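Kindly generate the complete structure, drawing on both the sequences and the hints.
These protein sequences, in sequence, are chains B and V. Just so we're aligned: 55 in the numbering used here is position 55 of the first sequence, and the numbers increase by one with no gaps anywhere. Just so we're aligned: 100 in the numbering used here is position 100 of the second sequence, and the numbers increase by one with no gaps anywhere.
The set of hints was computed from the structure by calculation and includes no laboratory data. Nothing here was measured: the structure is a model prediction, and the numbers come from that model.
Below are the DMTMM-like pairs computed for lysine to aspartate or glutamate, each with C-alpha atoms no more than 25 Å apart in a straight line:
1. B/K175 x B/E253
2. V/K301 x B/D6
3. B/K301 x V/D9
4. V/K310 x B/D3
Estimated spans, in silico, between C-beta atoms of each pair:
5. B/L10 x V/R282: 43 to 49 Å
6. B/D6 x V/K13: 41 to 47 Å
7. V/K192 x B/G38: 32 to 38 Å
The beta carbon of each residue, even a glycine, is placed where N, CA and C say it ideally should be.
Here's the letter readout for the chains.
Protein chains: 2
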Amino acid sequence: MLDEYDIIDLITKRFGELPEGYVPIGDDVALIPPGRVGESVVLKCDMLVARTDIPPGMSWKMASRKAVAMCVSDFAAKGVPPTAFMVSVGLPRGTSRANVVSLASGLLQASREWGVRLVGGDTSEAGDLIIDCMMVGFAGHIVRRSGAGPGEYVVTSGTFGETTAGLRILIDGAKAEPGFKKRAVSSALLPKPRLAIGLAVAGCLSSSIDSSDGLAISLHTISEMSGVGIRLAKLPYAKGLREFASRNSYSAEELALYGGEEYEIVGTVPKGRIQEAKTKARSAGCELRVIGETVSAKELKGVALPDGRKVRRDGWVHFRSKP
Amino acid sequence: MLDEYDIIDLITKRFGELPEGYVPIGDDVALIPPGRVGESVVLKCDMLVARTDIPPGMSWKMASRKAVAMCVSDFAAKGVPPTAFMVSVGLPRGTSRANVVSLASGLLQASREWGVRLVGGDTSEAGDLIIDCMMVGFAGHIVRRSGAGPGEYVVTSGTFGETTAGLRILIDGAKAEPGFKKRAVSSALLPKPRLAIGLAVAGCLSSSIDSSDGLAISLHTISEMSGVGIRLAKLPYAKGLREFASRNSYSAEELALYGGEEYEIVGTVPKGRIQEAKTKARSAGCELRVIGETVSAKELKGVALPDGRKVRRDGWVHFRSKP
Chain B
1 MLDEYDIIDL ITKRFGELPE GYVPIGDDVA LIPPGRVGES VVLKCDMLVA
51 RTDIPPGMSW KMASRKAVAM CVSDFAAKGV PPTAFMVSVG LPRGTSRANV
101 VSLASGLLQA SREWGVRLVG GDTSEAGDLI IDCMMVGFAG HIVRRSGAGP
151 GEYVVTSGTF GETTAGLRIL IDGAKAEPGF KKRAVSSALL PKPRLAIGLA
201 VAGCLSSSID SSDGLAISLH TISEMSGVGI RLAKLPYAKG LREFASRNSY
251 SAEELALYGG EEYEIVGTVP KGRIQEAKTK ARSAGCELRV IGETVSAKEL
301 KGVALPDGRK VRRDGWVHFR SKP
Chain V
1 MLDEYDIIDL ITKRFGELPE GYVPIGDDVA LIPPGRVGES VVLKCDMLVA
51 RTDIPPGMSW KMASRKAVAM CVSDFAAKGV PPTAFMVSVG LPRGTSRANV
101 VSLASGLLQA SREWGVRLVG GDTSEAGDLI IDCMMVGFAG HIVRRSGAGP
151 GEYVVTSGTF GETTAGLRIL IDGAKAEPGF KKRAVSSALL PKPRLAIGLA
201 VAGCLSSSID SSDGLAISLH TISEMSGVGI RLAKLPYAKG LREFASRNSY
251 SAEELALYGG EEYEIVGTVP KGRIQEAKTK ARSAGCELRV IGETVSAKEL
301 KGVALPDGRK VRRDGWVHFR SKP
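Now the structure itself:
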């Protein structure tokens with residue numbers, strides 16, 4: 001049976017040596033060279049737990065990649081390039097070598113995909129697979145959730161509903177047209193955080209949030225923390241979502257607004273900067289979508305749909321939602 | 001039933017506002033003002049899992065304090081003052097408000113005890129209580145595990161065996177004299193990492209390690225990573241340990257060497273600096289104990305007891321040891 005040292009060795013030996021200025025993995029702490037003068041330290045931790053975060057069909061490689069992706073998405077939304085990460089891994093006793101190797105491959109893939117270095121971690125015995133990723137980076141400032149003013153455009157880095165559809169396909173066996181099924185399942189198993197667009201448009205955003213708890217909660221959070229109302233002009237439905245929804249008697253609106261697990265950026269852009277933002281997004285290979293406008297909190301409290309109905313403050317909530 | 005937002009609120013409302021330069025808890029990431037120019041970022045994560053790390057008699061308050069203490073101890077061993085921490089918490093569904101409040105109190109106590117700020121975290125549903133602490137600080141350099149040369153003193157910040165004795169009392173009902181029992185149980189439930197002495201003597205240490213996996217493994221690790229042998233002159237038995245061991249038919253040597261969970265510093269000091277190190281330790285309210293000397297790896301491979309027997313490379317190893 002593998003012990004702690006075997007597991008650490010199986011993971012770390014896949015990674016090359018850290019460059020000058022870092023302390024090699026294996027000391028009591030990790031050491032990361034400082035950012036530029038005046039840059040603050042940006043930190044994020046996000047815990048993935050198998051029982052709630054790993055759908056059927058997700059390998060350990062996909063799971064460990066996703067744990068890193070969850071943090072990368074937060075950095076993307078704040079316009080901060082991630083530098084390094086650590087992982088605390090909880091594994092059931094008797095975990096196979098193949099699963100540990102799979103987990104290590106996912107971390108390596110994540111490290112290459114987003115240019116982040118693994119600098120350390122911790123291994124513990126747990127009842128369930130647990131991967132807690134901690135990410136560090138440097139920035140002079142970050143785009144806050146609280147920076148939106150009235151009269152700005154509300155934007156997203158992509159469409160919504162596809163990941164939730166993917167989870168319904170994987171968990172509930174929902175039926176889908178082959179092309180949609182492939183895209184939906186892939187977005188659930190191999191989420192693609194919007195790092196390139198996040199870094200490209202950060203300078204144009206007055207506020208932003210990572211949408212992984214769902215579009216509705218993301219909009220409500222910006223609304224509450226910025227003190228503005230949000231009037232949606234349209235919902236950013238994923239391509240094929242409405243067909244998928246009607247085929248399975250789901251509501252496309254519910255899937256797009258309340259599903260969660262979409263690693264998009266939701267934010268606000270002052271009107272005078274929208275062309276610049278769109279151009280920068282396009283140069284990063286991505287389309288920035290305008291989905292509505294902010295108004296004063298006096299004019300509207302919360303978030304309203306095009307037809308005036310209110311968007312519920314609902315989405316993926318741990319201890320409330322069921323996977 | 002409490003949901004994720006209730007839990008985050010119960011924890012964060014106990015902490016005051018973060019000072020200028022920090023981003024308030026509740027954004028996608030935490031932001032920590034930089035260290036002094038040229039200082040690197042020091043990071044550590046350590047995951048506490050109830051099933052292996054929480055003995056009978058340990059409250060949730062003690063558990064969350066211990067999770068932070070585990071990281072503080074690593075910072076202490078490296079001579080680095082910790083600045084801030086984040087916690088990823090995994091909680092069973094249906095966790096009571098009282099337990100969440102208890103957990104929050106332990107984090108607050110830790111924050112005050114070691115002067116570290118809580119800057120963020122994550123909450124997930126898990127089968128078991130899991131507290132993953134991630135700590136950050138700043139330093140120009142750290143004391144490494146690999147810096148020992150031959151002909152130096154091997155030192156510890158305290159004695160060994162008491163915590164293991166405490167765990168045997170709590171888990172196995174081992175018998176003990178009241179004074180020893182009180183000290184032993186307290187060291188298991190309320191570990192005291194050696195931050196003051198660690199910061200005071202760091203400049204005198206050529207190598208060091210946090211001893212939480214046990215004295216034997218700590219000595220072996222310094223021996224291997226520094227490429228030296230270690231000849232022990234005496235074992236740093238805790239006061240009353242031998243009496244406790246004989247009363248319960250344990251071996252005091254086994255308890256002191258292979259127990260683990262003692263948050264002491266084990267290190268090496270060049271002979272010319274030992275008086276300075278002892279004086280600095282004393283000024284930090286602590287005695288630095290010389291327990292042996294390093295020799296060349298040619299003369300001795302590994303770690304030897306005063307009578308010449310070898311110290312096994314054994315201690316607390318996840319997936320191998322049983323609590």
